[in-house]
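A.B. asks: Take a look at the letters that make up each chain.
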Amino acid sequence: MPEPMGFYTDTTVCIGCKACEVACKEWNQLPATNGGRATLSGDSYDNTRRLDGIHWRHVKFIEQFAPDRRDGRWLMMSDVCKHCVRAGCLEVCPTGAIIRTEFDTVVIQSDVCNGCRDCIGACPFGVIDINPVSGTAQKCTLCYDRMRAGMTPACAQACPTTSINFGTIRELKQKAQARVEQLHGRGERGAYLYGADEQMLGGLNSFYLLVDKPEVYGLPPDPKLPSRNLKPGSLWSALGAVVIGVVGLISLRTRRTDDA
Amino acid sequence: MPSTFFTEPPHWRWLIILYFFFGGLAGGCYVLASMLDLGRPERFWHMMLQSATWRPMLKTYSPMSLGAWGLLVFGGFAFLSFLGALADGGRRRGFAFLSPPAPIGVIVSVLGGLAGFFLVSYTGVLLAVTNRPIWSDTTLLGAVFLVSSASTSIALLLLLGSSRVFLVGGLKALQRFDMIVLGLELLTLAALVVSLGSLARVWLNAWGALLVLGVVGIGIVVPLLLHAGAHTPVSPTARLAAVLVLVGGFLLRVVIVLSSEAI
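Read top to bottom, the protein sequences are chains A and B.
Residue numbers 1 to 260, in my numbering, belong to the letters of the first sequence in order.
Residue numbers 261 to 523, in my numbering, belong to the letters of the second sequence in order.
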């Protein structure tokens, strides 16, 4: 059994080149949007807009500038499936199409998925969507096919600044921790790791080094598992069924009285 | 901002609304509408069988998986009861054993009724077991859908039932039952809004207006007043009330599904 593998993305060295997006699309043969006729989003340099069935990598551009533009900075972040150790999508999938691999990653088997969309709403990060070509839910596989062959995922291979690091989770955590300490030492006190510890969904096998609040990057501050609502939701429903059932039985009794 | 606001809507939209609505009314339309909503309907069977091992595919912690099985079980019981009803109607008398008061008939209708309760409420639990705004921010949607299914089903029976099919006394009882259930529905909807807490502010828009005017006003309050003023359960006033209850039940599912999908 191989060790758990994943991504550590250091957003402080991302230059927004989108090589990861291109490499991902090429390797995974994902179709272009609108048959290749690009439309501009008007949101900074981001025309990919979001992760979905045909965008498994998405470089976010966050502009933080003073109104007079004297001071400011760019935050760039290459977003991807978090390959959660406790994954909401895997939990709700009714077909068993979503599996955990030997690398501890989360993969949707496209030949099993029937496109019920439950995983789309279950993902705390809004990563998954339907690929219109296959009619099934799709997302990053962490290049399962390349990993099986001992290769680096296409995005990490293409990243020119090693913002996207690929390796064993153990090594990545050490590397990320060292980088946080280095940044703290240089005065960037806001640097921290998002999803590296087990508090967040058992740990994210794709975790991030961030320098601002998660919300700024479009990441949920407190992602949860969908199954948290299963038991209370079922109990309230059962209570409702009992109340309606009892009221109904009493009404039926009344009917018999009326008939007589 | 709550974490649910960082997710993507699954865009279940109109087919799901129809699915929830007819699901509250009857199993047959329900099966069709749910299968049509799959991206790959021909792969529905992946919800029943594991393709590699041919073992049953059942995840007790996934409402979508439980629901697929619930549909099958409910459909089976509905079919058995249908055969029993044929015998009651004078055709196929050989199936009379499937109709109460025959012992097997009683068992079929009790188990089928339980499957029905499951079917009308799991859809609400299905929405709750996600990470979407509104849906996963309350645990009451299953109960809300269940109570609403009761009121719409009673309304449908009131409309279909004439004094020839039901005794007028039976219809009167149904009408009283409807009024109690509509009262319960008001309480459940109030509890739903309370359970959302400050998040209920997301309904300060057209969806909230539709919830108050359409679901509560047209679908509950007006029918209650009409029923109270109706002389007989077959009068035009009572029939209008039943139609409005059906409209309100439909609008409830529209508001719940689309107000979240819009975020």
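Just so you know, not all the hints are guaranteed correct.
[Claimed, not checked] Pairs of lysine-lysine residues, derived as BS3-like cross-links and limited to a Cα-Cα distance of at most 27 Å, are as follows:
{"#": "1", "chain 1": "A", "residue 1": "K213", "chain 2": "A", "residue 2": "K224"}
{"#": "2", "chain 1": "B", "residue 1": "K432", "chain 2": "A", "residue 2": "K224"}
{"#": "3", "chain 1": "B", "residue 1": "K319", "chain 2": "A", "residue 2": "K231"}
{"#": "4", "chain 1": "A", "residue 1": "K224", "chain 2": "A", "residue 2": "K173"}
{"#": "5", "chain 1": "A", "residue 1": "K213", "chain 2": "A", "residue 2": "K175"}
{"#": "6", "chain 1": "A", "residue 1": "K173", "chain 2": "A", "residue 2": "K213"}
Honestly, the hints are just simulated from the structure, not real lab data.
A.B. asks: Look at each hint and say if it fits the structure.
C.D. replies: Going through the hints against the structure:
no.: 1; hint: K213(A) x K224(A); verdict: holds (18 Å)
no.: 2; hint: K432(B) x K224(A); verdict: violated (48 Å)
no.: 3; hint: K319(B) x K231(A); verdict: holds (14 Å)
no.: 4; hint: K224(A) x K173(A); verdict: holds (22 Å)
no.: 5; hint: K213(A) x K175(A); verdict: holds (21 Å)
no.: 6; hint: K173(A) x K213(A); verdict: holds (20 Å)
The structure shown violates just one earlier hint, number 2.
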